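Please take these sequences and the hints and turn them into a complete structure.
4 protein chains.
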Amino acid sequence: MKLRVGILGATGAVGQKFVKLLDGHPWFEVTALAASERSAGKPYHLAAHWLEDTPIPPKTAQIIVQNAETDLLDCDFVFSGLDASVAGDVEEQYARAGYPVISNAKNFRMHPQVPLLIPEVNADHLALIDRQDWGSSGFIVTNPNCASVGITLALKPLYDAFGIETVMVTTLQALSGAGYPGVPSLDAVANVVPFIGGEEDKVETEPLKLLGKLSSIGVEPAQIGISAQCTRVPVIEGHLATASVKLTTSHVPLSAVLKAIASFKADSEIARLPTSPDRVLDYSPDHAFPQPRRHSQAGKGMTVSIGRVRECPVLDFKLVCLAHNTIRGAAGGALLNAELLAARGKLKHR
Amino acid sequence: MKLRVGILGATGAVGQKFVKLLDGHPWFEVTALAASERSAGKPYHLAAHWLEDTPIPPKTAQIIVQNAETDLLDCDFVFSGLDASVAGDVEEQYARAGYPVISNAKNFRMHPQVPLLIPEVNADHLALIDRQDWGSSGFIVTNPNCASVGITLALKPLYDAFGIETVMVTTLQALSGAGYPGVPSLDAVANVVPFIGGEEDKVETEPLKLLGKLSSIGVEPAQIGISAQCTRVPVIEGHLATASVKLTTSHVPLSAVLKAIASFKADSEIARLPTSPDRVLDYSPDHAFPQPRRHSQAGKGMTVSIGRVRECPVLDFKLVCLAHNTIRGAAGGALLNAELLAARGKLKHR
Amino acid sequence: MKLRVGILGATGAVGQKFVKLLDGHPWFEVTALAASERSAGKPYHLAAHWLEDTPIPPKTAQIIVQNAETDLLDCDFVFSGLDASVAGDVEEQYARAGYPVISNAKNFRMHPQVPLLIPEVNADHLALIDRQDWGSSGFIVTNPNCASVGITLALKPLYDAFGIETVMVTTLQALSGAGYPGVPSLDAVANVVPFIGGEEDKVETEPLKLLGKLSSIGVEPAQIGISAQCTRVPVIEGHLATASVKLTTSHVPLSAVLKAIASFKADSEIARLPTSPDRVLDYSPDHAFPQPRRHSQAGKGMTVSIGRVRECPVLDFKLVCLAHNTIRGAAGGALLNAELLAARGKLKHR
Amino acid sequence: MKLRVGILGATGAVGQKFVKLLDGHPWFEVTALAASERSAGKPYHLAAHWLEDTPIPPKTAQIIVQNAETDLLDCDFVFSGLDASVAGDVEEQYARAGYPVISNAKNFRMHPQVPLLIPEVNADHLALIDRQDWGSSGFIVTNPNCASVGITLALKPLYDAFGIETVMVTTLQALSGAGYPGVPSLDAVANVVPFIGGEEDKVETEPLKLLGKLSSIGVEPAQIGISAQCTRVPVIEGHLATASVKLTTSHVPLSAVLKAIASFKADSEIARLPTSPDRVLDYSPDHAFPQPRRHSQAGKGMTVSIGRVRECPVLDFKLVCLAHNTIRGAAGGALLNAELLAARGKLKHR
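Residue numbers (the numbering used here), protein chains in the order written: chain A, 5 to 354; chain B, 5 to 354; chain C, 5 to 354; chain D, 5 to 354.
In case anyone wonders, no lab produced these hints; they're calculated from the structure.
The list treats identical chains as interchangeable, and a pair is accepted whether it falls inside one copy or across any two copies.
Here are the simulated EDC-like cross-link-like pairs (lysine to aspartate or glutamate), alpha carbons at most 16 Å apart as the crow flies:
#, residue 1, residue 2
1, 250, 315
2, 304, 57
3, 110, 208
4, 350, 80
5, 110, 96
6, 304, 241
7, 304, 56
8, 6, 78
9, 217, 164
10, 6, 33
11, 352, 80
None of these values were measured; they are calculated from a predicted model.
Below you can see the structure in the form of structure tokens.
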């Protein structure tokens, strides 16, 4: 019998992606949806301005949307695609009421007892949930920002093998990262906007927690200096990033870097999860790889594509990485987190 | 009486921009055009697949195109918008025949006796032309690559005031930089291509010559470490770049950096040239500044726009700069070079 | 001494275009601006999210914006770029207060005593203003919808020469027609939206009034059957339309149609107006003409481009036409209307 | 045991789509590939500039490409995605050699003994293959042009129920319809090109054969007057068309038109084919339906989406239709044709 899932913020862009990805899921089944007061009381297909290129799953389309701020959904756990302006209060309320909360919102990402989780990177951080105390059996698990996740996954094998001292990164981010209606078309078409509010700070700090070491006093952040510049480009899906990296180890040859990336694999526990891609990282020596429109869908949006790994005349190595921002970087990442929790027996029928 | 101008590579994208910018020029007049054998013998309006959004100047439209590889144009000096595959031979042939050659091609940019020139940056390098010996009074002057020019102009005031040790740069380059037909639309629309052949090398080396010091033995390159990553984005005109800079001087406050940029001016000799913009650099504190579609046309395409100047958590400062790639970065830059030569009496009626 | 101009709706996309086009105008000078309550009290450069690619004219930038719904501007006449939701009341209030109102809004376009005016098409309709009675010397003049204007100008020479029975038209309209923020980028990039609210009705009716005959009882609409389908395409500026036309006259040869278009000229009274383009219609036999990005700027945005005139296997002739939607189709069209009024002595210093 | 398939023109855009759609096909298996001389002798993954967003199927990637003009592939039948410049000769050669040729090329579409086939429209036309005489058991079957197919499917239920007298159509066609490299990005981004060579003629004639009646002397074309205007818009996949239709039957109410569309179904023979979509036509009353980026993938690219069905003030009804140009309009359409042939026993192991 499948676990019953509620989705908070179900009508937004991330909420819609949850609905799509959960359609036909082997372990989970959507049974309840919540959004803002404006949507409450309507069947989902009337409440949501549906943006996906496949139809709304028929059963989900008929679910009556509830009010995320006042109702508690009838389900075993919740995904949160809520806007940051309300996610803090609502998610805390669910945790206090005993729900596991698998959140894509930023509010609790840097909270000392809340795991900021990418299963292939820091599955051990899940132990933090036992240190959460919401006066109930509830807990909160978060996934990183859509721009942080690709970079962190690309850096992970280098960090493990050689240590990393410094990363200089510039992101070229897709329009879907801003939700809907999001970026006005007159700002987007044939243009670049060299600013995304709050984004550079996230890219400079989240990877440090993700790559950090869990100790008895919490997560000790990785000692990496990251500098980020974030831009918005007229792309639908797929955040691209250029990165230059200085390793802690000296004189690492390019071949060793390529080998570390090529041999990177998820632990077998993770690799067996339904949403886990065949390849966590996909490296290609093709000089025009990766490209958002062509490669974001790799591994059904869960694979991070890496290309142009080469020496840097200033630091040690340069590379380009690409991750699907609304799948690996949002709903898909949260879903993988939930699957890991389920596999470890942390999600139960209520 | 105006100087008579010939344009080599007149039918290409850069050649067309020369034609457009020279329309109504106070000092120069187009009298001859050359292109490939395929175009030779046709009137310009039939030979060129015109790409500009204003019509071909009527007089130029009727000029019969000559063969750039075999004919010598009847004019006082030439602009070269030739493709690199033929520019080397043809430009040398013109120099040997006694013509001043004002070239946008890459072939002679790093030649020790050829000035790589941005008038506001290194007008003194023009002295190099007296050291050229083509067996005639001819000489060659070049302007930098379309991606190098914006970055170099943005760095110039910081280099002068504080010295620069390191620059990490990522470019987001417009489609027009690839000429016509250039990038296929299926590679461009809603996509980014993270590779432009040969471009990173140019961005890592040309600024060193531009900011270098002229001595009796040539140009001593500036001692700056530059690392570049170059990408192609679906923008029509305007190359954007993100840059992080480490200064030679320690503890420079942000206010001093902003002041250096804001107070930067061209020498009065340069400022009086017809194509010289009112402001060489345009800085705005607006967080979404600059944007290619909105700001490339500043100073009729000759102003470099700078925004988002802020501290860098790894190096010293970050900034974003934007230059019009086919004006300041190609035909307009070459035209300003020619105007400086004319003002100094180096271009004469033949 | 220039006439003093007020702009209603000055912060919107059309209002901004008025500001831009009036910069340096030989007859008119912007002295007052009004917008919504939210903007009132702020200097224009802070109230407007400026969208043009040239800077705000410095003097206009400092004007304090007033409240369009409550204040009466100190000026000789007003341009209205107001949203239809408020334009009706505000424009009537100005007319009652004795102001000439030159409006781009739709509210009064079909009013029997209000001229819907394209100077090259129906300058004689201006006589209608003498039949308006607002209890003052005020009056209202309107210009057509941005999609109607190009089609009407393209049809005008055919209507005059041969009569028109039927027109089947499909429009491909630019994003700027929807204002700012307007169309969300996720609806626009690499997409077409085959619906624009209210637009088809305007395209099917406005040309009938424009081409109609002024009589003692009002404008008798032209007896043409028009069917329109309106779509939104990812273009910044320039509404393209395909049209098939059945003429009233039988057996008109293609050459006669081409001659009618090519020989079309504005009356000398109109042709002398400052904003009047050299050519009202620009026809080219180039099979890929016209294109929005390349040809919208013809005649500084006031020329309508016509191409692909050919026989229609069902009706008589097919053609493609293009007009700049925010210049000829909005602010520029209104400006030309004001110039005609001024030339006829209908705008006076107050 | 699966039928062995050869693909002619395998490296082009349509050829690649054949490769993708045939991956995992229940009846067919790719065993041989051919392209131009330039590709011959190379493994497919090196010969093709792969454009799809999923990887090349591994087995196909290793197939050595042969020369389409000189070699005869070892297979049971061939799909042809050849360019029209060579398709005529090569396809005839295969037919003479006894192969069934399922072609997407235009060369034989209007040949009196060659079926121009959309299974849901004119499956009975397949009988024509028995009238072909290539001196062997070979035959040729074609599918229509990518712009014709959506319009024909949208008109089919109206033609059957009410008859059609006249159709006025304007297409907004995707870039992928031009193949690769196809349309230069400088012509495509933020632009419309109002011309596609040869396209209007196809749209005006192919539907007449498709909707025609098979008799002993051939296909009697439907007596419909069609006028087409074809434009290229910056969309990746999905040809949209606006159409206005005059029915033969008078006074048909809108409800009857909607019912004819909504109740349209493929015959059960067709509906059972593997590539047959659940719904041939998908109608929605949503006023912004259909859109290329959102709805082209309906039915895995085989469903035609229809929206905005409404009365026409000049003819009888207007509508908008959308079809995936490289699936339903090319490789998918040809695949469905092959499946019908296989189901009828016309494709055999050689």
